[in-house]
Amino acid sequence: MGELLNIAIKSAFIENLALSYFLGMCSYLAVSKTVKTAFGLGLAVIFVLGITMPINWVINTWLLGENGIFQTDLTFLRFILFIAVIASMVQLVEMVVEKFSPSLYTSLGIFLPLITVNCAILGGSLFMVSKEYNFSESVAFGLGGGFGWFLAIIAIAAIREKIKYSAVPPALRGLGMAFLLTGLMGMAFMGLMGIDPAAF
Amino acid sequence: MAEVKVAEKKSSTIAFGKKERKLLTDPLDSNNPITVQVLGICSALAVTTGMKNALVMAVAVIFVTMLSNGIISVLRNSIPKQVRMIVQLVVIAALVTLVELTLKAVAFDSYKQLSVFIGLIITNCIVMGRLEAFAMNNKPYESILDGIGNGAGYGIILLIVAFFREFFGKGAIFDYKIIGPSAEYLIDTNTSVIFGWYASNNLMVLFPSAMFVIGVLIWVHRAWNPKLVDIS
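Protein sequences appear in the order of chains A and B. According to my numbering, the residues represented by the first sequence are 2 to 201, in order. According to my numbering, the residues represented by the second sequence are -12 to 219, in order.
So that you can see chain A by itself, here it is in the shape it has in the complex (with noise of 0.2 Å):
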């Protein structure tokens, strides 16, 4: 459980996959200009990464791996299929959030199918794969890599809201701005870098 707990946190601070691996940035920067909107985008990615985590780990071991059903070495197929389960995950979680609870559906509106695009969803699995976690390490990087976005997210948009009343230089205003504040933060989440996370 404690070696679940570290991959966790590692994967939300350590290893933050916004300000760490600057994964996910389109959507990243495209979404953050309130929090209200960067919330339920947040949000969204922690439950996709959540799910396509696991199962991505499942089609990987038990379908492409040398050891799965079919005896042979099918890794080439790994991005055809990975990215189709994201994006059927996506569709899926999509309808299944539209017919139980139509208020969060409504708040997460159109970023739901925004998700498979972010590349933060398909890079957790490709690191998920190269760091060779077993079922239940892939699902504690699935949900804290998610976290780590989600607050990542959150900060950038309260940032932005209030840099609005600065006084910017013009051509620096808005997008040229967000990537300079994200440079510092990026800078701030490298100094989580030296923390062993044993010593939670």
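Watch out, some of these pointers could steer you wrong.
Listed next, with one range per pair, are the computed distances between beta-carbon atoms [unchecked claim]:
id : chain 1 : residue 1 : chain 2 : residue 2 : range
1  : A       : Lys100    : B       : Phe95     : 47 to 53 Å
2  : A       : Leu6      : B       : Pro67     : 42 to 48 Å
3  : A       : Lys163    : B       : Asn18     : 29 to 35 Å
4  : B       : Val61     : A       : Val169    : 42 to 48 Å
5  : A       : Ser131    : B       : Asn18     : 33 to 39 Å
6  : B       : Ala120    : A       : Leu44     : 25 to 31 Å
7  : B       : Ala210    : A       : Glu162    : 21 to 27 Å
8  : A       : Tyr166    : B       : Tyr163    : 43 to 49 Å
9  : B       : Gly4      : A       : Leu64     : 46 to 52 Å
10 : A       : Leu6      : B       : Ala210    : 44 to 50 Å
11 : B       : Asn64     : A       : Lys163    : 45 to 51 Å
The hints are simulated quantities; they were obtained by calculation from the structure and are not laboratory data. By construction, the Cβ of each residue, glycine as well, lies at the ideal position given by its N, Cα and C atoms.
On the provided structure of chain A, position chain B as indicated by the hints.
Below, chain B alone, put in the same frame as chain A:
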């Protein structure tokens, strides 16, 4: 259907006029995928520690945008609207797998260093974005030009960012040493003589510096082309 076919016949006299040139050059400046459309940032940040990796990545992305735009444009009338995302992703994923296997065979060093970021071309929003915005409603020839233009616009930014990061971070360009001592700041402890005058700035190799370089690039670009300034 018949109407579409006629329209396609007419344009089959392949010309390279003003409109075609605009398709190629627009993404380089006023409609740049990275600094204006904000597409494909993730990989732009990760692969720009060296010019060599940036060049490999740029070529790979140009290849994928060009072919996926072409293929989707050919298929555009037969793709049902509901499943278009999955069709697009399958086409992109197949092309990216092709690129990955080719790189693995031809340039193994670059393949190792780019690692997951080759796979992430699939979710590179430039590819998806251009498919949705352009290839779904335009003819194949124009779509291919648009793909090349956008891939090149992305590649140029990648190379500029990589130039600054590699030059100041490692004192080199294309792995060829230009300034500074070979490994790091060398000090002879006996005589306290400092060899070489430039100590490479390690921050430039780390991720945040890419953010700073692109941020400043956007600043310069918008100061130079005030039409792009964000009013909101």
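Evaluation of the provided hints:
no., hint, result
1, A:Lys100 to B:Phe95: 47 to 53 Å, "49 Å, holds"
2, A:Leu6 to B:Pro67: 42 to 48 Å, "45 Å, holds"
3, A:Lys163 to B:Asn18: 29 to 35 Å, "30 Å, holds"
4, B:Val61 to A:Val169: 42 to 48 Å, "45 Å, holds"
5, A:Ser131 to B:Asn18: 33 to 39 Å, "35 Å, holds"
6, B:Ala120 to A:Leu44: 25 to 31 Å, "28 Å, holds"
7, B:Ala210 to A:Glu162: 21 to 27 Å, "25 Å, holds"
8, A:Tyr166 to B:Tyr163: 43 to 49 Å, "47 Å, holds"
9, B:Gly4 to A:Leu64: 46 to 52 Å, "50 Å, holds"
10, A:Leu6 to B:Ala210: 44 to 50 Å, "48 Å, holds"
11, B:Asn64 to A:Lys163: 45 to 51 Å, "48 Å, holds"
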